Structure formats: structure tokens, C-alpha cells
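Undergrad: Using the sequences plus the hints, can you model the full thing?
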Amino acid sequence: MNFSMISLGCSKNLVDSEMMMGLLEQKGYNYVQPEEAELIIINTCGFIEPAKEESIETILETAQLKEEGKLKYLIVAGCLVQRYADALAQELPEVDGFFGVGNFAQVLEITEKIVAEKERVVLSSDPMDYLYTAKMPRKLATLPATAYVKVGDGCNNRCSYCAIPIIRGDYRERSMEDIVAESAGLIEGGVKEICLIAQDTTYYGYDLYKRPALGELCQRILDLPGLVWLRVLYLYPTHFSQDFIDLLANHPKMCAYVDLPLQHCQTHLLKAMNRPHSKEYLLDLIAKLRREIPEVILRTSYIVGFPGETDEDVEALAEFIKETAFDHVGIFIYSPEEGTSAYDLGDPIPLEEKERRRNYLMTVQQEVVKDNNLKFLNREMDVLIEGQTKDGQWIGRTQGQSPDIDGLVIFRGAGEFGQVVPVKIDEIKAYDLLGHRIERDE
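In the working numbering, the protein residues as written are 942 to 1383.
Worth double-checking, as some hints may not be accurate.
[To be verified] Across the chosen pairs, the derived CB separations fall in these ranges:
1) Lys1331 / Glu1368: 40 to 48 Å
2) Asp1164 / Thr1304: 55 to 63 Å
3) Ser1066 / Asn971: 22 to 30 Å
4) Glu998 / Pro1235: 43 to 51 Å
5) Asn971 / Asp1252: 53 to 61 Å
6) Gly1287 / Asp1164: 48 to 56 Å
The hints are simulated quantities; they were obtained by calculation from the structure and are not laboratory data.
Model, not experiment: these values are computed from the prediction.
Here a beta-carbon is modelled for each residue, glycine too, at the ideal position from N, C-alpha and C.
TA: Rendered as C-alpha cells:
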């Protein structure tokens, strides 16, 4: 049977989708584009309100293919189902089955029940039941040179605004041996860049080993032959270990890239968010990272519109953005999530005001990016080639650009997909860098 997978939300969701695709292909299902599929599985996101809305819109749009195309079976899975399985089943009769994050490994049995037995399935098991392993088949949906590897799932942090522990459960992690084995297999299959992900990657080691072990894990992956780059994302500010910082500073294959979600700078708001650090702690950490990792590229995210945020807090955040000068920043609008401790605070700030605050802060950040990117002008940089423009220029990324979320490098000259080549930067264009291929002795 021809099937397709629509994966919404974050890279962690994408890995789950890739595992389900691998399990289905292993049993003879044939992956095709959605318009050609007889079976479609939508892996949803339910983290914040816009993600829920996107998931519902995608379900309704895909359901139209039942009337217009070859689609016979539509299954909805993932985070949104984990939270609202029964309500979704009642409101969406056109969907043939639902299952949550605790049931990903059962995708074959669930699909067979729906297809062969014509039975509607609604499942939302304990999310703690699922943690994938290197032995599970996987069909990559990323560009061929890059793959995400989950080191763990769930989260033990209890940020007051965040529904992840409700959806994904408490933190649990994979063994180093399993993660290294998966990474080795991906590299043997042609992957050049491994991106380690979890809800909180700096927490790695505290579950199985009762100690911080992210640095040790990274060293073991860096020792694998054929690896070009190792990148670590979702680094919680509290658990940085010195051996990990030393790798970021000194290992040529380790991307000196720190993805550090701060959420705000105001100590009273951080306390209300149940974030266990102050503005002073964050400034000290940022200074330490810049001092010990001279080439570090910093990314963060902030939340605007959290209950209690004032105009003065927004101005303080604007000054913090200027002062800390992160290379990449994402700004999200607060949405109250049922089951979180912040839900009881209500949603007193109007959406229009939240949007104004976000737009204002992004304008501030755009000026920071203009200044930051000037340091790349006329500089030689290694670029991983990922694509090509219509006019034949190459598209790629530096170690300081994460897949999907940051800017790109567009350059002229010789190259091949998956190659890492030296590029001289000739021009800065908003978030992107323009240049030309060089030889090292140029």
C-alpha cells in the first residue's frame, strides 16, 4: 500500500515520524507523496495554540483528499492526540484512527487494524511507554547530509507555561552505546552532520548515569570515522558541564553553536515561569561561553505576553537583546496551556499587544543581526552544501547555522551535494550570507 507521512512541529517530532516511516517501509508499505497516497499519517504538534491550529487545519485539508484523490485511510498521531484524543475522535469523524506519542512503536499494528479489520482506533497510552532505539528502522526525511538523533524524551523541568511534561512525560534517556550505534549507522549511510536533540540535552546523563554525561557522549560520537560536524540543540541554561564547553571550544568537528532558550531576562518573570535562574546568572553564563568559546554562535528564544509582563519588562528585554547580541533569536507569543501551572494566571494581555511586542523585539534583533553578520564579510568559512538555486548557485550552511531555523549561505563555484567546501563571504543579505567558492591557498 502507498502511504505518506506529514510531520508537523519540531525536529523531535520529525524523528518520531522517521521511525514510523521506517517501520512501515520495513513491512512493505511504499512511501509516496501525499497526493498519491492511499494511507496518510499526520504526526501532530500540540505544544502551543498556533501549533494546534496548524495541526487541525492540516487534518481538515488532508481529509479533502478522501473525496478528491486516492486517499482511503487517514490516521492522526502525536502530541495533539496525546492531549485531546477523545475530543478529536468525536469532532473528526472523517479520521480513521488516532494514537498518541506512547503508541509510536505500535504504528504497524494500529495501521493493520484500521486497514485490514476496518476498525476505528483511538489510543493515547502513557508517553513513558515509548523511547526509540538504534535497532528500529528509520527513513530519513531531512536533507541527506544531516540527521537528528534524540538522546532522550520527556522533561523533568516544570516550566509553568510548558505542556511538554504533560504530553511527553518525565525525562528518560537512551544509553550512550545505543546513541553512538545509531550515529555510526547514519554516518555509514552518508550523513555528514549529526544534530543531538531532546527537550533538555544538557540534562543527559542524570537518568541512567546519575551525572552529567553530555560531554562524554559527544566525545564518543566525535571519535566516529566519517563524521564531519556534531551539533547539539536545546541546551537548558542550568546544566552546562565544563567538559562539554571544552569540546565546543576546541574540537574542530564540534559546531561551536549554543542553542540556549532563555525565555526572558526579567528575574521576576523567570521566577513566575518556574525557570531556576536569574538575569544575573544568564549574563554570567553568556559571558563565560563567549570567553571560553571565542568563535561561539549563540541562538535563543523568548516568550512575550506572559501574564505579568509590563511595558517596562519589554523595554528591559529589548536592552537585553542589544546587550547580549545573540546571533539568532526566535520570539514566541505566550498562549495559556491547560494543565500547566501558569494556566490559572489567565491570559490578560491582548493578542494584538503580544504581536506588537514580538514585532518590536524582532525589529531590535534585526539590527543586532546586521551588526553581527558584518564579522563574516570577506571571511573564509566552511560550508556544508545542501541544495542549489534555479540559477545554479549552491545553498549551504556554516557551523553557525542550524538546519531549518537559521540563515543560509548562497555561493557560486564548484561543488557537490553533501560536500563541505571553503567559501569566501562577499555580501550580507538580511539573515543570509552570499559568497564564492575558493581554494584554500587563495
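Undergrad: Please list, smallest to largest, the hint numbers that this structure does not respect.
TA: The structure breaks hints 1, 2; every other hint is satisfied.
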